[in-house]
Amino acid sequence: MIGIEIAQEHPLDKIIRADRMPHIWCPGCGIGIVMRCYAQAILDSGVPIDQHVVVSGIGCSGRVAGYMNIDSYHTTHGRAIPFAVGMKLVKPELMTTVFSGDGDLTAIGGNHLIHAARRNVDVNVICVNNFNYGMTGGQVGPTTPRGARGTTAPYGNPELPFNLPYLLAASGANFVARWTTLHVRQIRDDILYAFTRPGFTFIEVLAPCPVGFGKSNKIEDGLEEMELYRQRCKLVQDGDVRKDDLSIDLREDKPIYIGRFADQDRPPYQPVKVEVR
Amino acid sequence: MDDRRLLTGMHFMNGDEACAEGALAAGCSFFGGYPITPSTEIAEHLARRLPEIGGVFIQMEDELASMAAILGASAAGARAMTATSGPGFSLMLENLGLAVMQELPCVIVDVQRGSPSTGLPTMPGQSDVMQARWGSHGDYEIVAYSPWSVQEMFDLTILAFNTADRYRTPVVMLCDEVVGHMIERLVIPPHEQVEIWNRKKPKVQGNGSFDPFRAQDPDLVPPMAHAGEGYRVHFTGLTHDEHGYPEMSAETHHALVTRLVNKIKVNADQIIRTEDYWLEGAEIVVVAYGCSARSAQRAVREAREMGIPAGLLRLISLWPFPERLFEELSEKVGTIIVAEMNLGQISREVQRVTRRPVTGVFHAGGEMIPPEPILNAIREAAT
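Listed in order, the protein sequences are those of chains G and E. When we follow our numbering, the leftmost residue of the first sequence carries the number 1, and every step to the right adds one. When we follow our numbering, the leftmost residue of the second sequence carries the number 1, and every step to the right adds one.
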């Protein structure tokens, strides 16, 4: 007889809402990996769990707010960042994280994203970038590579994508990093690092969306996309990468640059206080 | 209370500034906004005043963000406000729906100007009345007040915060450019005369077991837990169960939306505010609100001086609509005249409720309706 021991507890039990499982994500989706890294970072942060708040917008990544067993706010499409800004300024002791997708944060929420980075509000953003609108069925968005196919670009995407690390660094974020779902330790470590950094932080995580993006672009499944990450990812060293090299096109055999792109000390936003005598 | 928060005494200021002082008196500690004529003085005044008392003033990148920011602030426990005019109000309606769905108290001040679109930025209008009522998608009820004086800009802003907190609902201040920019006497009362109604809080201690959307009281208002209090709440704009979890079923949706609507309906008698002048024995009643009620008051007084049995019903709250009041009024009076600076928005409601013709004194906006056309309508009705 083979001895099988079923674990009674999972290390993340107290921080994931088990009563919300199973989640809505498709097989091969990368969002769960990023959520797991975020959950681990919360546990490792030394900040009491009840001081952590997650705010998200709409879409598959936005559903993370519903699965985390912390104070969680699932807001409107694109508006997670300004909602989080209001919350953080009222209760600065809250460790406020926005967890959302590329469409939510950079298309409909793009204006809020650059202005929050410019103000340098002490909010951490985790952006899962799967190059498309997954929940609505694989439409192209501002991160879709030119020429890639989507359900709203059946002949190939005619538009050029955002280069998110440079957009955020140029807008003034104090910390900007990019990883892929292959880099679970680095994601956890950089979320932890973002918790300690005052000001606005932005972590982009490239993630497979086999049903929405992969299917239309000949990336057969999540594993194949992970393999592409493994083969092509190249860690940036300070200043050794040209800006246009940061663009991503999984269909071309060229490096995907990952790592930390900005780590600066611009003063974080503080509400004005005056003494009246 | 911080003595810089409540500037007790006699003042001479404009309506926008009085609104800002009313917000401070009510305990507002967060303002997120975007400049727009004719509401800008509210933001400017609070930019100077909130930092004096440890509150937060932030100028956001647009009205979409302003509205989202005050909801985040409210969810964290603050009394939060924004101020705008028609074009900005249009953008805020997206998250006004979120405020309804997540039951987040907040105050939105709309100092109305001539509309639609960019319209008449510096001139008055009253044409956002139906937008406030129906502008966000879906079925919901809203609370809206319509001040007619500088003093009321102050008083009703306090009431707006109290109502928002008591019923966990967004409240709209439907002001107009005339009231926003006119300068009048304002009396700010002493601390003990400022009534504050606080949010209903959970009776149980946190973690995970509290249901932030479970209404057990007859008022249908659930207690509210704030971020960082240990309750581990989930707030979503999706249809949700009493715990706050998304629940994609027709039954849950019907129950939720029905409660949200009934939450305002069952409390309507407590929310509705009206005022009347010379209504005793009146056969002709003028209905007006905001700056138009000032002209209507003059017209009705002059009609009375001519011996015409006219009266004035001034709507202080516009939404929820005082249906029972109009049903009763309809039994008693011969003619109902509605004077408003739009082409017939409240008059449509009056017709709906009374099921009878209503005389309209309408103007699309740009200048106050003067007393004369209202008096003419009264005289015509009297013949």
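Because the hints were derived from the structure by calculation, they are not lab data. Please note that the accuracy of each hint is not assured.
[Said to hold, decoys possible] Below, a list of computed lysine to aspartate or glutamate pairs in the EDC-like style, where the Cα atoms sit at most 20 Å apart:
| id | chain 1 | residue 1 | chain 2 | residue 2 |
| --- | --- | --- | --- | --- |
| 1 | G | K14 | E | E44 |
| 2 | E | K201 | G | D245 |
| 3 | G | K14 | E | D211 |
| 4 | G | K273 | E | D211 |
| 5 | E | K203 | G | D50 |
| 6 | G | K273 | E | D3 |
| 7 | G | K273 | E | E44 |
Hint check results:
{"no.": "1", "hint": "G:K14 x E:E44", "verdict": "violated (46 Å)"}
{"no.": "2", "hint": "E:K201 x G:D245", "verdict": "violated (53 Å)"}
{"no.": "3", "hint": "G:K14 x E:D211", "verdict": "holds (18 Å)"}
{"no.": "4", "hint": "G:K273 x E:D211", "verdict": "violated (36 Å)"}
{"no.": "5", "hint": "E:K203 x G:D50", "verdict": "holds (19 Å)"}
{"no.": "6", "hint": "G:K273 x E:D3", "verdict": "holds (16 Å)"}
{"no.": "7", "hint": "G:K273 x E:E44", "verdict": "holds (15 Å)"}
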